[in-house]
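The primary structure of each chain is shown beneath.
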Amino acid sequence: MKALGRYVSNVVDAVVTTAVGMRITARYLLQKPITVQYPDERLPVPDRFRGVHYLEQEKCINCLACARACPVACIEMDAVRHGKELEWVKFTIDYQKCMFCELCVYPCPKDCIHMGTEFAMVSEDRRDFVYDLLSYRGMARDAKVRMAEAEKAKQAKEAAKKAKAAAGDKAAAAAGAAKPEKPPKPPPAAGAGEEEA
Amino acid sequence: MIAYLAPLPAAAAIAASADGGMNAVAELLPRLLPGDPPVWAVFVLAALVSVAIAVAIVALVALFGTWLERKVSGHIQCRFGPMRVGWHGWLQPVADGVKLLLKEDLIPTGSDRVLFVIAPALVLGCLFAAMTAYPIAPGFFFADIELGIFFIVAMTSVTTIGVIMAGWSSNSKWSLYGAMREAAQVVAYEVPLGIALLVPLMVAGSFDLIEVSQRQEGLLGLDWFIFRNPFMLPAFVLFFTAILAETKRAPFDLPETESELVAGFMTEYSGLRWAFFFMEEYAAMFLYCIVGAVFFFGGFASPLTWAAAEVFGTGGIVHNLAAAGTLLLKGFAGVFLMMWVRWTLPRVRIDQVMTMGYKYLTPLSLLCVLGAGVWEVVVADLWRG
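Chains as they are written, first to last, in our numbering: chain C, 72 to 268; chain A, 9 to 393.
Just so you know, not all the hints are guaranteed correct.
Claimed, not checked - What the simulated footprint calls covered on chain C by chain A, stretch by stretch (three residues with Cβ under 8 Å from a Cβ of chain A suffice, anywhere in the stretch; the number is not a length):
1. 82-89
2. 92-98
3. 214-226
Derived by calculation from the structure, the hints in this document are not laboratory data.
C-beta: ideal position from N, C-alpha, C; glycine also.
With the hints as constraints, model all of the structure from the sequences given.
Written as structure tokens, this is what we have:
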């Protein structure tokens, strides 16, 4: 009798537990999937996520603070200085070395290097992982404009000075005093000679 | 069988020569062919056309089945399943098929080459044979077999021999274990499967699938056998459990337990031969679900079929199409149920499978037969006066 009771309760258990389980899976079946179609749509990335860096090149002053802070020395940067303006040669991060520690971000005096949200980096070639963070090479367009303006202003100043000097010379000549024909040549404008380089 | 066709000389000759087991294509063809073709040519052509249709059905069912399986499993796990190839991944099975076609066909050294090659063909061939009993529509079928359900159960049991051949000839311990389990499982579950089917068979009084479904016709489905007496629902549950085991579906997928036996009897197979086993599994699922639909859930009967028969006349093209669609829908509802069970329940141990088959399903199905018989003889008679 006891065995029969166990038998019947086994059958009932099997049916009931299967029904309960199938109810649960049915609920999941009708629920909206929680996954997203990855490359087309992405889950939101947290604000403080440490992904691929981005650089505000305009603000950067090539001080090398980030490169020095990097524990694995994966940042390489180089720029030529023309007075106040920078002519960029290189700013690369080797993501084979980078460990996304964010230590490069804190020492930046201009707050110009940041961690981005991109995390999926795929390539068939190791060289592709040396990312170039420069958005332009050489000088920025407005930097060039600024430099040209500064040059023009300087030249105008020179010309004015020259004209004044010439007027003075004439007056001096009129006074009959023998003087050197030209004033001493001013030093070349900063960067003017190197601009072609 | 096709009442809406006017009799033609060849059709009449074929109907006369084909004694009992008739083929709908053989009856249709003389009408479509020009002139009066010889009877043997009609037969050969009808056979070829029927085989082509059967192959197409098996292939399409397998394609759609794999897609449905991946979608159902995905959504049960809160995923999407395939989404990339075509709209919601509907071309994914085609892509898989192309991949399987292009794969290298490996035959392991040390295997019994002849058996290894024959096994998948035998498995799929037996399923094609069983497919001949699939009633596509009341007026369109491959063969009007009077012992239809008997034939289906017999032919699908023969596929087990192919599985055992595959397991033995692979010369791999995993394959052999898988095959042994398949043999044990099928032997254990054929019995409750047959006995559970006896319950509707007793009521129907026929082995012919078309005839059985014609006895359940009606608008609302109150004549379906599942509502006929209180022992039908348990009988259906037993039948369904048994076909899960017969078609090697989880929780009874012991022959191919990927966590213990890699892929069971299919371990050493690759490419198209492997695809044959896969097609067999899905087509067998579909066929058994059709059997379940016919014997428990009214077969062709549905409001749609009823309306088509009322409006366009019984046996017309519209009626046949509605009936075919109804049965297809019911079949795939069953397939969906099997998938739902698969992604719900964990796999049982082999001793639990045996216990369930021998100690629970067999005696319970016998009880159902007894109860249904008593009900039909005593209670139903009293009720009807």
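For each hint, the structure was consulted:
Beta-carbon proximity to chain A at under 8 Å applies to 4 residues in the segment 82-89 of chain C; the threshold of 3 is reached and the given coverage holds. For the segment 92-98 of chain C, the stated coverage by chain A holds: 5 residues have a C-beta nearer than 8 Å to a C-beta of that chain, and at least 3 were required. As drawn, the segment 214-226 of chain C meets chain A at 0 residues by the rule of a beta-carbon pair under 8 Å; below three, the given contact is violated.
Hint compliance for this structure: hint 3 alone is broken.
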